[in-house]
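Going line by line, the protein sequences match chains A and B.
Counting in my numbering, the first sequence runs from 1 upward without gaps.
Counting in my numbering, the second sequence runs from 1 upward without gaps.
Warning: the hint list may mix true and false statements.
[As the list claims (entries may be wrong)] Distance windows between CB atoms, simulated: (1) B:G29 with A:L278: 32 to 40 Å; (2) A:G225 with B:R21: 19 to 27 Å; (3) B:S2 with A:L278: 53 to 61 Å; (4) B:E111 with A:A75: 55 to 63 Å.
Simulated from the structure, these hints should not be mistaken for laboratory data.
All of these numbers come straight from a predicted model, not from anything done at the bench.
Ideal placement from N, C-alpha and C gives every residue a C-beta, glycine not left out.
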Amino acid sequence: MSGLIDRAYGLWETALAEPRDLLVLRFTLLLLLLDATHAASFVVPLRILCGSMLVFGRLTRNRWLWTALAGTLGAHTLQGYWTIDNHQFLIAYWTLACALACWSRDADRVLCANARLLTALVFVFATAWKLLGGAYLDGSFFTHELLLDPRFAALAHLTTGIEQGALDYNREMARMLTTFPEGGIIVKIASAGAVTTVARALSYATILIEGSVAVAFLAALRKPGSEVADWLLIAFIVTTYTLTPVIGFGVVLTILGFAQCPVDRTQTRCGYLWTFVLVQFALLSQTDTLAQLLS
Amino acid sequence: MSTWCLVQKHFSDIFEICACRLAPVMLVGVALTQIYLAKTTSLSPWKGGGFGMFAVADDISARAWSAECLDENREPCRIIFTRSGGLGFGRTVSFRYRMWPDPAFRALLSERALAQRMSLVSAVEAGASFRLRSSLESMPAPYRDLKLYAPSRLRDPAMGQTTYGLSAVRMHAWRLVLDIDRSTLSLEPLGEPVERGAW
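Just need the whole structure built from these sequences, with the hints factored in.
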């Protein structure tokens, strides 16, 4: 067993010995290949381009191919502007940054600067929305999620003791209202005493960690090299994306974190690599597997 | 150093600065626009690139639209929509308008509804067809008591063979709201309804 761990650690070390920008470009290609989009008309060019660039090492930094990738992602974003998720916008911005890096004199510096600024901005806007939206400080957003969102069913059952049947009934009522919409109808749904407490705790924890990441990365713009920012980001990704299965978001944030992490900080960089692996397990929570395991 | 080399170096320096700033500037522009639109129109904070996902309970499952109608005999009725709308839009288009049901779209949807042939659906079968296990008592009264139509293009087994036209449509958009103090769900209108046809 220890031999296996040593070998895995050796593999990490070998990977980390490669130039940072090359590793970042490879991880980005992997992200684009697996999680960038499900739209068939964009999946085909992405698979061909990313596959070739991963398999043939000398194509990995090819500036024309990266420009083609940025163009494809840009077209995808424009086509689905009002329907795609936020992380798909972020993936498009990051692909553009990768393309510009490949055209620049110092790719690593461009990737690092973009990664730090994009991460800071994402968390600034995410925190701003949570404060502006008006559904966080009173816990109403997480109450809604715990009682109605199937992705939070296992967590709701575990933390508040609410029965699965009650959650099924709630979702049924919500579906009835949205399938047969009519004003003035009020439907009572099932709840549990602890729901409000758990919802408030989740709300404050989310604002605290997202706000902290925003502040830490904004501070890192003035004074780069803050280890706190990295570990806060890792903690956010691990705690959020194992519960909320938006793998693409988890992976792109991991890549951004890794791209701006100083090369002499091996432990933190290893932390990002493990996070990259761990986020993949969020796939389990997309099925009923996690709920079954927890129950 | 020749003038050409100086010019080249100057542009190269500008490019290096732009390479570090272009993507973040685009992010800020898109996100500020999204915040403005979400605060001033019916755009859902979840969409439009402003990072408002998981900030408010207003995702696709909390959005709905409904249509009060008069059929060709001038009798009041309702249309039942599936998630894809059933009015000839692709999934992407109907998804976009569910997340941002602006008046222009509701007008377009009303015109599409008026142009479509409709089939009668019984309330019981509609409940079964839409895989709702709820009892009919919990179905809102207009859906229980009035004639229900669905676009005949849906070809659902619950629908009758004869097709009908509509003479007037009033289109509403809704958002699901949870009252956390009373543990109740209700629908909140998103803007004014849009009318088409002869009411």
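Results of checking the hints against the structure:
1. B:G29 with A:L278: 32 to 40 Å: Holds, at about 33 Å.
2. A:G225 with B:R21: 19 to 27 Å: Taking Cβ atoms as reference, A:G225 and B:R21 lie about 21 Å apart, which means the hint holds.
3. B:S2 with A:L278: 53 to 61 Å: Holds, since B:S2 and A:L278 (Cβ atoms, about 55 Å apart) stay within the stated range.
4. B:E111 with A:A75: 55 to 63 Å: Distance hint for B:E111, A:A75 is violated at roughly 30 Å.
This entry does not satisfy hint 4, going by the numbered hints stated previously; all others are met.
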